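Protein chains in written order, with this note's numbering: chain A, 38 to 140; chain B, 95 to 501.
Keep in mind the hints are simulated off the structure, nothing from the lab.
Keep in mind that the hints are not guaranteed to be accurate.
[What the hints assert, rightly or not] Short, incomplete list of chain A residues facing chain B, as computed with Cβ under 10 Å: (1) Thr61; (2) Gln66; (3) Asn95; (4) Lys121.
[What the hints assert, rightly or not] Heads up, simulated DSS-like pairs for lysine-lysine below, C-alpha to C-alpha not over 27 Å straight-line: (5) B/Lys195 to A/Lys121; (6) A/Lys139 to B/Lys237; (7) B/Lys237 to B/Lys195; (8) A/Lys140 to B/Lys237.
Predicted model only: the values in this text are computed from it and were never measured.
Glycine is no exception: its CB is placed at the ideal position from the N, C-alpha and C atoms.
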Amino acid sequence: MMRWNRLAAVGMLSTLAGWAGAQTMDPMQVRGWASTCATCHGTAGIAQPGMESLAGVNKDEMLKKMMDFKTGKKPATLMHQLAKGYSDEQLQALAGYFAALKK
Amino acid sequence: MMGGCAASGGSGGPHVVVVGGGFGGATAAKYIRMWSEQSIRVTLIEPNADFVSCPISNLVLGGSKTMADITVSYDNLAKRHGVNVVRDRVSGIDADKRTVKLASGGELGYDRLILSPGIDFMWETLPGMNKPGAQEKVLHAWKAGPQTVALRKQLEAMPDGGVYALTIPLAPYRCPPGPYERACQVASYFSKAKPKSKVIIFDANDDVTSKGPLFKKAWADRYKGIIEYRPKHSLADVDVATNTLKFEFNDDFKAAVLNVLPAMRAGDIAVRSGLATANKRWCEVDFLTHEAKAARNIHVLGDSIQVAPLMPKSGHMANQHGKTCAAAVVALLTGKQPNALPIYTNTCYSFVSADEAVHVASVHRYDAAQKTMLTVPGSGGVSSAANELEAGYAMGWARNIWADTLA
Chain A
38 MMRWNRLAAV GMLSTLAGWA GAQTMDPMQV RGWASTCATC HGTAGIAQPG
88 MESLAGVNKD EMLKKMMDFK TGKKPATLMH QLAKGYSDEQ LQALAGYFAA
138 LKK
Chain B
95 MMGGCAASGG SGGPHVVVVG GGFGGATAAK YIRMWSEQSI RVTLIEPNAD
145 FVSCPISNLV LGGSKTMADI TVSYDNLAKR HGVNVVRDRV SGIDADKRTV
195 KLASGGELGY DRLILSPGID FMWETLPGMN KPGAQEKVLH AWKAGPQTVA
245 LRKQLEAMPD GGVYALTIPL APYRCPPGPY ERACQVASYF SKAKPKSKVI
295 IFDANDDVTS KGPLFKKAWA DRYKGIIEYR PKHSLADVDV ATNTLKFEFN
345 DDFKAAVLNV LPAMRAGDIA VRSGLATANK RWCEVDFLTH EAKAARNIHV
395 LGDSIQVAPL MPKSGHMANQ HGKTCAAAVV ALLTGKQPNA LPIYTNTCYS
445 FVSADEAVHV ASVHRYDAAQ KTMLTVPGSG GVSSAANELE AGYAMGWARN
495 IWADTLA
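Construct the complete structure from the given sequences, taking the supplied hints into account.
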């Protein structure tokens with residue numbers, strides 16, 4: 038019982054830590070990461086013809102897409118290679134950033 | 095800060111001077127204005143009237159694009175972002191007084207200075223290229239602009255059956271895959287207009303430095319009998335009068351059109367200002383801020399820097415440097431800490447014909463222990479094969495980076 042409780046507590050703590058990590062990420066840092074996506078996807082997420090805009094996307098959909106690129110579930114010419122460069126928490130923060138931008 | 099403000103004139107707020115309006119400098123200028131909510135004044139000093147893109151310029155040589163397609167105005171930096179764009183050159187820097195001298199005679203004060211002067215050529219390594227008229231006859235066309243047009247004219251004037259010889263210096267140089275893409279573009283033109291002509295690549299490196307298998311496949315599949323690749327050919331001199339390449343260890347070679355890419359180093363202003371601390375060629379920087387190791391309040395971006403491991407000298411990378419530096423400069427001028435964990439990407443497309451392209455991509459993350467940018471293990475890669483889909487993305491990439499940098 039003791040053992041179960043402790044494991045459960047550790048599990049909960051690590052979930053909380055993961056959540057807290059994404060929530061407390063420095064917004065300036067996230068803005069910096071997001072700006073590097075802008076090179077192809079447009080300043081403030083508004084793309085020129087030929088690329089996808091990211092401003093105002095649905096956060097969960099964008100995160101799922103990035104995670105699918107990362108795991109290889111979703112085929113791509115290039116994005117699967119870039120998605121692997123980011124942690125899950127970083128992708129979550131980026132999805133949140135772009136979801137909050139005006140379309 | 096007072097000194098900089100007082101010397102620069104104009105209304106209040108800190109003043110940043112950016113030298114060089116390429117992918118690095120123009121991006122830094124725009125993003126400092128955006129991220130400071132226009133509270134930091136930015137002056138961009140650039141000698142050219144318009145921005146001419148090196149990426150896609152090989153397609154002008156191949157004949158599928160024009161100079162108009164790769165030329166972008168600086169107007170939006172001024173109109174939309176309030177950047178003070180000054181058409182001039184910087185002739186000197188006083189790091190103690192924090193002023194720059196303009197070639198036209200004026201002087202400007204700064205709180206922080208950003209240098210993004212690109213590359214210049216080490217002409218001293220090729221004595222024959224220093225003779226009068228030599229550099230007008232044997233072209234590099236490695237800075238897009240008048241030389242791009244002039245090289246295209248040389249190719250058009252060359253009789254069918256002539257040889258175009260391209261020499262590549264030892265890495266590092268600007269745009270690692272660029273020369274191999276250029277060979278494809280010239281061969282693409284020859285295959286249509288001058289089928290008896292040849293492209294011979296003389297590379298000082300041991301092998302193709304970027305996207306090797308993809309380029310070699312293109313040469314074998316598309317340009318068999320047109321492109322010939324000769325590695326380990328180190329250029330020692332050029333006899334311009336007879337159009338002859340002279341190599342360190344190999345026989346001389348005479349061709350109808352020579353295209354010589356000399357060894358490169360950081361732009362003149364950075365070298366003359368004592369910032370090229372790596373082999374007197376490249377400027378070492380702090381990758382959190384892009385501040386030069388050799389001088390406080392002076393930042394260096396783009397092709398001029400001593401790169402981190404596996405970091406190419408590319409326009410995409412310079413754009414990323416520009417944003418990292420812009421964020422740091424805004425933080426430092428407003429009493430905040432620069433971001434502690436830069437992560438950025440490189441994406442580089444090469445056209446193997448008029449309508450098919452390949453790419454290389456990488457992700458670079460700051461490593462606090464080694465104080466440099468390192469590629470993230472498991473990330474990055476190249477195309478599986480050249481195709482039209484990637485050519486579409488390549489043009490999408492170009493339109494977006496031009497807008498992100500300049501609009």
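Each hint tested on the structure:
no.	hint	verdict
1	Thr61	14 Å, violated
2	Gln66	5 Å, holds
3	Asn95	22 Å, violated
4	Lys121	4 Å, holds
5	B/Lys195 to A/Lys121	46 Å, violated
6	A/Lys139 to B/Lys237	37 Å, violated
7	B/Lys237 to B/Lys195	24 Å, holds
8	A/Lys140 to B/Lys237	37 Å, violated
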